Amino acid sequence: MAFVDLLRFCVIALYLLGTATGVAGFLGRRNGLLKTGLWANGAGFAAHTLLLVAALGGGPLPELAPGLSLQMLSWCLLAVYFMLLWRFRLPFISIVAPPLALAAFVWSLSMTAARQAEMPKALVGLFLGLHIGSLFACFGLMAIAAGAGMLFLHLNRKIKGKEKLTGFRKDLPALSTFDRVNHVAVVSGFPLYTLGLISGFVWAKLTWGRVLSWDPKEVVALVIWFVFAFLFHQRLALGWKGRKPARLAVWIFVFILLSLVVINIFVPTHHSFTHSA
Amino acid sequence: MNQTVHLLGLNHRTAGVEIREKFALTDCDPLEAGLFPLDDALTEIMVLSTCNRVELVAVGPDLDSGGGAEHADAAESPTARRVLELWAAARGESVADIRPYVYAYSGLDAVNHLFKVASSLDSMVLGEPQILGQLKTAYRKATAHGSTRVILNRLLHKAFSVAKRVRTETAVASSAVSISYAAVELAKRIFGDMGGYSAMLVGAGEMAELAALHLVNAGIDKVYVANRTFARAEELARQFRGEPIVFEEFPRRLVDVDIVISSTGSPSAVIRARDVKDVLKRRKNRPMFFIDIAVPRDIDPDVNGLDNVYLYDIDDLKEVVEENLAQRREEAARAEAIVDSETRAFGHWLKSLDLQPTIVDLLRTGEEIADRELAKTLKRLGNVDDETREALQTMVRAAARKIFHEPICFLKRRAREEASTRRYIDVTRRMFNLDGDEVPPDAHAARRGIGAEDAEGAGSDGACGPGEELDMDLDGGLDGDLAGGGDLDPGAEPKNSGGPFCTGGRAEDAK
Chain S
1 MAFVDLLRFC VIALYLLGTA TGVAGFLGRR NGLLKTGLWA NGAGFAAHTL
51 LLVAALGGGP LPELAPGLSL QMLSWCLLAV YFMLLWRFRL PFISIVAPPL
101 ALAAFVWSLS MTAARQAEMP KALVGLFLGL HIGSLFACFG LMAIAAGAGM
151 LFLHLNRKIK GKEKLTGFRK DLPALSTFDR VNHVAVVSGF PLYTLGLISG
201 FVWAKLTWGR VLSWDPKEVV ALVIWFVFAF LFHQRLALGW KGRKPARLAV
251 WIFVFILLSL VVINIFVPTH HSFTHSA
Chain W
1001 MNQTVHLLGL NHRTAGVEIR EKFALTDCDP LEAGLFPLDD ALTEIMVLST
1051 CNRVELVAVG PDLDSGGGAE HADAAESPTA RRVLELWAAA RGESVADIRP
1101 YVYAYSGLDA VNHLFKVASS LDSMVLGEPQ ILGQLKTAYR KATAHGSTRV
1151 ILNRLLHKAF SVAKRVRTET AVASSAVSIS YAAVELAKRI FGDMGGYSAM
1201 LVGAGEMAEL AALHLVNAGI DKVYVANRTF ARAEELARQF RGEPIVFEEF
1251 PRRLVDVDIV ISSTGSPSAV IRARDVKDVL KRRKNRPMFF IDIAVPRDID
1301 PDVNGLDNVY LYDIDDLKEV VEENLAQRRE EAARAEAIVD SETRAFGHWL
1351 KSLDLQPTIV DLLRTGEEIA DRELAKTLKR LGNVDDETRE ALQTMVRAAA
1401 RKIFHEPICF LKRRAREEAS TRRYIDVTRR MFNLDGDEVP PDAHAARRGI
1451 GAEDAEGAGS DGACGPGEEL DMDLDGGLDG DLAGGGDLDP GAEPKNSGGP
1501 FCTGGRAEDA K
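Chains as they are written, first to last, in my numbering: chain S, 1 to 277; chain W, 1001 to 1511.
By construction, these hints were calculated from the structure, which means they are not laboratory data. Computed from a prediction, not measured in an experiment: that's the story for all the values here. Please note that a few of the clues may not be correct.
These stretches of chain W come out as covered by chain S in the derived footprint (C-beta under 8 Å, 3 or more residues) [stated by the list, open to error]:
1. 1180 to 1192
2. 1282 to 1293
3. 1318 to 1327
4. 1397 to 1411
Below 27 Å or equal to it, Euclidean Cα-Cα: the simulated BS3-like pairs (lysine-lysine) are [as the list claims (entries may be wrong)]:
5. S:Lys170 / S:Lys158
6. W:Lys1141 / W:Lys1164
7. S:Lys160 / W:Lys1277
8. S:Lys170 / W:Lys1141
9. S:Lys164 / W:Lys1141
Now the in silico label distances, taken between C-beta atoms and shown as ranges [as the list claims (entries may be wrong)]:
10. W:Glu1185 / S:Met83: 26 to 36 Å
11. S:Leu236 / W:Gly1196: 50 to 60 Å
12. S:Lys164 / W:Glu1021: 34 to 44 Å
13. S:Asn31 / W:Gly1196: 47 to 57 Å
14. S:Ala24 / W:Ala1398: 53 to 63 Å
15. W:Asp1307 / S:Thr166: 22 to 32 Å
16. S:Gln234 / W:Asp1256: 37 to 47 Å
17. S:Val202 / W:Lys1277: 37 to 47 Å
18. S:Trp214 / W:Ser1174: 54 to 64 Å
19. S:Phe9 / W:Arg1401: 51 to 61 Å
20. S:Phe82 / W:Ser1174: 30 to 40 Å
21. W:Asp1361 / S:Met83: 55 to 65 Å
22. W:Glu1169 / S:Asp5: 46 to 56 Å
23. S:Leu56 / W:Gly1196: 25 to 35 Å
By construction, the Cβ of each residue, glycine as well, lies at the ideal position given by its N, Cα and C atoms.
Isolated chain S, as found in the complex:
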């Protein structure tokens, strides 16, 4: 599989370049670097897409290649990143999404054992599309919402405290823009998250015969859902804006990271990316 290895190497190299130049360009306020970062990320994303196509189209589907779900997470992060960049023209997300995508991709390569899926073949596509797809798209949105939230909180404190804005802060978009990103992420992220959970439960019912198996990851996912539902409600019904939704978005993303990273590594779970339960 020399071709796949080469692709993997390209993806990592390009994401590394994109992340480094993107972050440096943003903090050092260099447009040239920012542009280089964008191109590198774009090229890496193309290679990444090829890799996924090769993985999904090549082998029989039920046998998920090692680390494939993490690679898909990485891919979703960048897909959301490009979409938001195109839609809102916000250079600041260049310091949020690409580093996370790079981390997820590198982590995926450390996976070795193939995962055994115990389900009817016909349902695998549905499982992938609904459960993983919607959840990962939501994670991507929340990653960017959390980045926007942190920058909002920082800038808000500076403006309220009447401090001078220096360096890269001068190039940050207005507070209202960060709030708009939060709005988009919450309004589209919560339905995606709900869909992801429900499809997961349905699939669990079909394969294991029970909806909930009190797996640690499932418990955290439910907690996240409740916090998310609270934020969704406050934002849409009560018109929450600014500081509070920004803070909640950051917390939700922290929980998501917790469920993805900490639980996968330290707690036995049948949602592990590495081996079957």
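Position chain W against the provided structure of chain S, taking the given hints into account.
Relative to the frame of chain S, chain W by itself:
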């Protein structure tokens, strides 16, 4: 005979406002009124007069050879003395009255001073850009009256491009240095694009009016004006095409307003925190920005403690302005380095305006082109013995030299006639781009496609004129130079000399 730039002037530092009023040249167009007739001692002049300064830039013969003369000497040259006399006479005063307030520079000092003025390093508020517009207007008037020629044309174009460099390469003109503008910058930090937002003036003071004007310029949707004297509210509202509000009404209208500028004379707070809390609930927490420029303050400081509400009072804004000014002063040092290097470059150009350096530059250009083409040909031919190579080199270089033979003879003939030398040298330098000036693709956009002859002229100018975003300036400059110069002798021209020379000659004939 060597021509030198002289600069005389007074500004807000050397003269008080009464003096500046007394010696300003703003009430009429001094060049149109013929106050500064050109003669042997004064070959070019431009007059800049604003409320803060008068600058007279003149070109005349330089009797002592050394440039950069002392301050006292600079005012004693015949050109400077003549300009000073004319200036005093124009205002009906004596030279002795005006002399103590006037500074005089000559040579590169004058160039340096003009570059500083254009870059706003000499302005009362460091970095404010109005002076550049005023300078452009002054230059346009001077070219319209044909009182600028080779040296001032080049000097002013350089001044404009130096100003542009300073503006883009340093932060000397960045960030707001007036209270009302600082408020608008902050509003942009909070709301971003101003479209779709609205503002309310509570109390119609002058500073509030100015801030509202900035907001309207930034594209704000609607302005409400609440004032205790309703007639004043109506008057202001009309000015901004806004809506006047009865003063007692205004708390109820706050729901629709994103930016509140308060400047009433009220001794106690007009807007309290708990009122704002209610308003905020009703407007679903959409952010609000309160600008309190009243003393004593109109708005309860606790308002700033609420989420999605931002409050700046006059002291906060003053602090912002102070910090921005300090930053501008730091940047001024870098700007002056740019001005100094551009001054040196202009000095080089002034020296090159003689015949000898131009001939050397012409021949060097020809040789370079010949060698470049030879190298290409040799590469294509492959292996060539040394003898052939030498023969080829001799041939192309000779051809290049011969091409420049007639132009050089022409320049030498013109050099015997004092008056027209510089102009032809300048045109030659521009025609062959001997100074390596860059020409932006949009140069002379205004002049393109006006007529067949003009279009042709614009085509060639487009490849060799200096200056950026200065269509009209260079336009006027070149035309004033060639057609309006008045000392062009059509009879001395070879019959088939092309382009603008012909046009200039015919224009003279027709007169």
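Evaluation of the provided hints:
no., hint, in the structure
1, 1180 to 1192, "holds (count 6)"
2, 1282 to 1293, "holds (count 4)"
3, 1318 to 1327, "holds (count 3)"
4, 1397 to 1411, "violated (count 0)"
5, S:Lys170 / S:Lys158, "holds, 12 Å"
6, W:Lys1141 / W:Lys1164, "holds, 21 Å"
7, S:Lys160 / W:Lys1277, "holds, 17 Å"
8, S:Lys170 / W:Lys1141, "violated, 40 Å"
9, S:Lys164 / W:Lys1141, "violated, 43 Å"
10, W:Glu1185 / S:Met83: 26 to 36 Å, "holds, 31 Å"
11, S:Leu236 / W:Gly1196: 50 to 60 Å, "violated, 20 Å"
12, S:Lys164 / W:Glu1021: 34 to 44 Å, "holds, 38 Å"
13, S:Asn31 / W:Gly1196: 47 to 57 Å, "violated, 28 Å"
14, S:Ala24 / W:Ala1398: 53 to 63 Å, "holds, 55 Å"
15, W:Asp1307 / S:Thr166: 22 to 32 Å, "holds, 25 Å"
16, S:Gln234 / W:Asp1256: 37 to 47 Å, "violated, 23 Å"
17, S:Val202 / W:Lys1277: 37 to 47 Å, "holds, 46 Å"
18, S:Trp214 / W:Ser1174: 54 to 64 Å, "holds, 59 Å"
19, S:Phe9 / W:Arg1401: 51 to 61 Å, "holds, 59 Å"
20, S:Phe82 / W:Ser1174: 30 to 40 Å, "holds, 31 Å"
21, W:Asp1361 / S:Met83: 55 to 65 Å, "holds, 56 Å"
22, W:Glu1169 / S:Asp5: 46 to 56 Å, "holds, 47 Å"
23, S:Leu56 / W:Gly1196: 25 to 35 Å, "violated, 44 Å"
In terms of the numbered hints stated before, the structure departs from hints 4, 8, 9, 11, 13, 16, 23, listed from lowest to highest.
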